[in-house]
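Trainee: Chains as they are written, first to last, in numbering that gives the first Met the number 0: chain S, 0 to 364; chain A, 0 to 332.
Hints are supplied without guarantee of correctness; some may be wrong.
[What the hints assert, rightly or not] Calculated lysine-lysine pairs in the DSS-like style (CA-CA distance at most 30 Å, straight line):
#, chain 1, residue 1, chain 2, residue 2
1, A, Lys58, A, Lys47
2, A, Lys169, A, Lys58
3, S, Lys165, A, Lys96
4, S, Lys195, A, Lys58
5, S, Lys134, S, Lys248
6, S, Lys163, A, Lys36
7, A, Lys194, S, Lys163
8, A, Lys246, A, Lys142
9, A, Lys36, A, Lys139
10, S, Lys324, A, Lys47
11, S, Lys163, A, Lys96
12, A, Lys139, A, Lys246
13, A, Lys169, S, Lys324
14, S, Lys324, A, Lys96
15, A, Lys36, A, Lys246
16, A, Lys47, A, Lys96
17, A, Lys36, S, Lys324
18, S, Lys165, A, Lys169
It should be emphasised that the hints constitute simulated quantities derived from the structure, not laboratory data.
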Amino acid sequence: MDIMPKWVDIIVVPFISVLIAAVLSALLIIAIGESPIAALNLMIEGTLFRSAGWGYMLYYTTNFIFTGLAVSVAFHAALFNIGGEGQAMIGGLGVALVCLFIPWPHWTLAIIGASIGAAVFGMVWAGLPAYLQAKRGSHIVITTIMFNFIAAGVLNFFLVDVLKPKGSMDPASANFPTTTHLPTFQDMASIFGFEKAFRSAPANVSFFIAILACAAVWYLIWRSPLGYEIRALGKSGPAARYAGVRPVKIIMIAMMISGALCGMMAINTTQGESERLILNFTEGAGFIGIAVALMGRSHPFGVLLAALLFGFLYQGGAELALWTKIPRELIVVIQALVILFTGALSLMVRAPLERFFMSLQKAKA
Amino acid sequence: MNIFTKTLSTLVGLTMAASAALAEPAIIYDLGGKFDKSFNESAHTGAKRWADETGGSFKEIELQNEAQREQALRRFAEAGANPIVMAGFGFADSLGKVAPDYPDTKFAVIDVFWLGIPNVREIAFNEHEGSYLVGMMAAKASKSGTVGFVGGMDIPLIRRFGCGYAQGVKAVNPNATVIANMTGTTPAAWNDPVKGSELTKAQISQGADVVYAAAGGTGVGVLQTAADEGILSIGVDANQNYLHPGKVLTSMLKRVDNAVYEAFLAGENLETGLVVQMGISNGGVGYALDEHNASLVSDEMKSAVDAAAASIASGSMSVHNYTDDETCPAITF
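Bound conformation, chain A alone (with noise of 0.2 Å):
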């Protein structure tokens, strides 16, 4: 047993070697595991797409516990990977102790942008600008003047979706309701489509006619009682348009799969040490338009929101951030 055990150890131990010496990239999802209809599944279309179109392999691990968060990190970096990505801020903590130890590896992680180390790459996303976008099309949409927004878990970065929506509502019509719902504050909240869809009825009935999910997999549930109670709805990150076809209005895209798809094809060379901002003006974030919604959407409305998304683009206007100081002009949460 044990002769048997060091030889096979041995060829693993080669076999590990040899793809060291090519530098796979790695990506390491984070609990909600990479199948979640929403971040991290964004995440693994971006990789997927980059081993389709090059033909190379890539090393991902869905974390199961807290624990191995650190351990994945080291255990990739060990290994050769290179570049190796984080899906989410959750890794903040374990990526500044880690990525000092390997300077030669490069880091990229998603929405963090608060490290400043030299080979880390932090992408965070404008999520206030595209919001704004789907905000101005949601007052446009709506007949009461009434729309809603239903957040995932209440921390700081899914308030900054519900201010620039709120934003973007208010530009359109200065006296437009927009009512705010978390849908708790724990990370459960991020999978518990059946309380989207309660608080979704419940803002139906004080006259919401346009719903807002930014909620990871609870939005399902907003977007499906949405099209139940025959109101419009707005999905998020990726675009989920198609999943009722006529009855919602359009998606805010974050292209978290487009950052990652970016690192994978810069690989060793990636720049690390700095902030990617991805925004209106870079692709990072935007609406969605395609056959399900053209019907929704019309020409006067679109030209607005375009003319709104070019004038972001270029700096003339700005979204408030809710981030840079945990205030919000058009809506108190």
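If we strip away everything but chain S, and leave its shape as in the complex, we get (with noise of 0.2 Å):
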């Protein structure tokens, strides 16, 4: 039985948790002798109050929501998945093959043709540690973080060695045909006569896919047969096995939606933003996944929400950079606050929320 309704464990916890954070943060910004009213309001007045502000942060929150989901599908088997950036930048060689060798007719075909190819190397860059864990044992988190080393490692040699243009001093690839070009917020919004809308801004249709993205895990975990096997697995592995699932079936198929999911950030930043493959474009994203999918409480709605957080804080900490003396380090550190009080904290707020509640729940009685 919950002890507490649902819409605190959904709301209230990850609000104190960021009112907490937020506060820290701004008696570090006092410590460093900047205001923090005033920074708070540039981070608002950067992203909400400018289109552009929005097409940034979206951008951002599209990365989230595919690592943050990636992340929430493993963790309902009870596997934590720590390496979204590894499969993150496989499936961005994934893209890069499609969209380079490919020849395209339109982008609505390109798009369909990058997110196959780029959930299928994730998934296969997942699927390998997925099958040490469920034949050999060898622990998800240990393969997970070192398969991102060698994902590294294989991105660095084909922008190296193989997809670099002659004489360039960039380890990139070449720039992807005009055709595979998704449309940004700026196209679409053109379209209705707004040409001055979200200028320039990376935020592009890939967003949409991440919100078709979100429901097609909740139908997944929610409503579908595997759903219910994997959260089944995830809950108890014994009784699961008891009541028929196949483990070995089910972590392998668990951790290749991840990372497909994982893989599938790449069209957002490799075909919609650089529009070429570039190193570092996963820009730790896979990392950020598991403070979303924490912070959302491993529902896609939750995740949705935690990512909108994330991308207002990234862009916010943009516009912290450009218009105040805070330094970069900062900035990250008042990102990791957050992550540090939603996710590995939480249970510092809802210890004592649950005591409150419970004795509502003694006084009613």
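With the hints as a guide, bring both chains together as one complex.
Mentor: What follows is the structure, encoded as structure tokens:
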């Protein structure tokens, strides 16, 4: 039986966590001699009061939705996938190969091809640690994080030795053909006559794919027999086995779905933003996905909200870097405080709240 | 909350408008960050020198990810910053997209020379010329006839350093051996002092007794190991002679700070639409001589190098530039 009403768990707990993180960040900003109120206003003004600010926020949000969903799906099977970073890198390689070597006539087809490429590559990269876990019992946390380094090596090799145009200084592939260009929010707004809206912001149609992925994951986890098996295995391995769930199959499938979702992040960054394959395009989103999943309680809607919050923090952080003397390291500290309080320390908030609601129930009885 | 937010954001807007009227210059550092003891820091030094001397203020940003390149450019341009200076060739693509949208803003970009946009000043350094000079000094200081080169990331720009260096070495001693190693093929190679140290040890075991590091933060490890093992080293970009007094033969100076300083000083009158070649003739590159290496540089060495510098500056002698045709007459990479 739940001690607390669901809305407290989903809304109040994260809200209080964010509040504590905000207060601590404010103290830090005061300590270096800047005004926290001015800083907050810069973040809000630069992110929510400008369409381009929204465009950047939703660009980051798209990444975090994909990686957050990926971590959530694995969580439901009691698997901790911290290899999102590597799976996204390999997914990016898939996107690049599909976009560079297949002559797409139109972006609508290219995005389908790139999605499949990204998902398959990410799936394979997550499938290897999953196989080792399922068959050999090698711990998924260890193997997935090691696969991040292998992925970085593979990406380096492809960029430097295979995909880099001759004479170029950047370790980056050639630009993708223009037919693979995904409509950005600016392109879409221009159709309706708002040429100035979302100017040059990188958010693009892959945001809507991320929203579709939210719905698909919700259906998978709570409405499909497969999702039922995944959750059963996650709650109790022996019980699930007794009920006829095959752990090897479910571990493989859950991890491969997770890897596919991480890989699909690359449609947004690689095909949508840079329009060529670059190093570091994952920008740590694979790790942020863990925080997003924790904060979103592994529910697609929670993931969406948490991804929006982190998108806001990223774009707001850029505004701080632009207009204040707050050093970029401190901006990372602020983002880290939010992760710390919403993820690792959420129990600190939940326990007193649970006591509070317990006493309420006792009073009623 | 809402009214509060709006009032404050209006205030913020007002202060922004006020600063826009002053047309502050702005500088954007590359992903390495402004305190990288090398390229970006040199750019920061130039900006700071301008601020100290003129009492002016400037905007700056250290990027956190690739997507912010274009964003920072546009936001500074929209806020009225002028000129906007960028440190690094990584900005070429973004600048190509952004500059035409803001024809009244002046841009300056360092290490880029292929854009050709009317409101962009492209600044390229003749690193091969400066490297040639320190190569001559290396050959004169070497007793074994074998000298080393440790590059950072293996890109044409760094090969240009190595090629100029090898030419200088061979000009003094045609029988000299130049061992060249690159630290890596990714940006991580700019900041890997441990690998720099290993490469230096390997070169020493092959007989090298002078090592030139053109590797950003990796060079710190090269200079340290050379000092520990009792051989000479050559620093790069900034004057690094002071790091190990008496152990660093000289430093190849690449005056990124001067380029930034001059762009800031020119302000809105910055001349654009051209490629500025910063070579020996206009003080863009050179070698460092100070109290820390005075005992290492003999008069004979100095006069020979200065003579070469003079003939390069006057145009009577030219050093082959690797990036012109991606070949090098003095060394193979």
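Trainee: Is the hinted pair Lys324 of chain S and Lys47 of chain A satisfied, with a Cα-Cα distance of at most 30 Å?
Mentor: Distance of about 14 Å is within 30 Å: holds.
Trainee: Given the hint that Lys58 of chain A pairs with Lys47 of chain A, does the C-alpha gap stay at or below 30 Å?
Mentor: Answer holds: Lys58 of chain A to Lys47 of chain A is near 11 Å, not above 30 Å.
Trainee: Just to be careful, I want the Cα atoms of Lys195 of chain S and Lys58 of chain A compared with a cutoff of 30 Å; is the pair within it?
Mentor: holds (25 Å)
Trainee: Does Lys96 of chain A lie within 30 Å of Lys165 of chain S when you go C-alpha to C-alpha?
Mentor: Within the cut-off at roughly 22 Å; holds.
Trainee: Take a quick look at whether Lys165 of chain S and Lys169 of chain A sit within 30 Å of each other, Cα to Cα.
Mentor: holds (28 Å)
Trainee: Given the hint that Lys169 of chain A pairs with Lys324 of chain S, does the C-alpha gap stay at or below 30 Å?
Mentor: violated (49 Å)
Trainee: Can you confirm whether the C-alpha distance between Lys139 of chain A and Lys246 of chain A stays at or below 30 Å?
Mentor: holds (15 Å)
Trainee: Are the Cα positions of Lys246 of chain A and Lys142 of chain A separated by 30 Å at most?
Mentor: holds (15 Å)
Trainee: Quickly compare the C-alpha distance for Lys36 of chain A and Lys139 of chain A to 30 Å and report which way the hint goes.
Mentor: It holds: about 28 Å lies between the C-alpha atoms, which stays within 30 Å.
Trainee: For a C-alpha distance cap of 30 Å, please report whether Lys324 of chain S and Lys96 of chain A respect it.
Mentor: holds (27 Å)
Trainee: Are the Cα atoms of Lys36 of chain A and Lys324 of chain S separated by 30 Å or less?
Mentor: holds (20 Å)
Trainee: Would the pair Lys194 of chain A and Lys163 of chain S pass a check requiring their Cα atoms to be no farther apart than 30 Å?
Mentor: holds (24 Å)
Violation of the numbered hints given earlier is confined to hints 2, 13; the remaining hints are satisfied by the structure.
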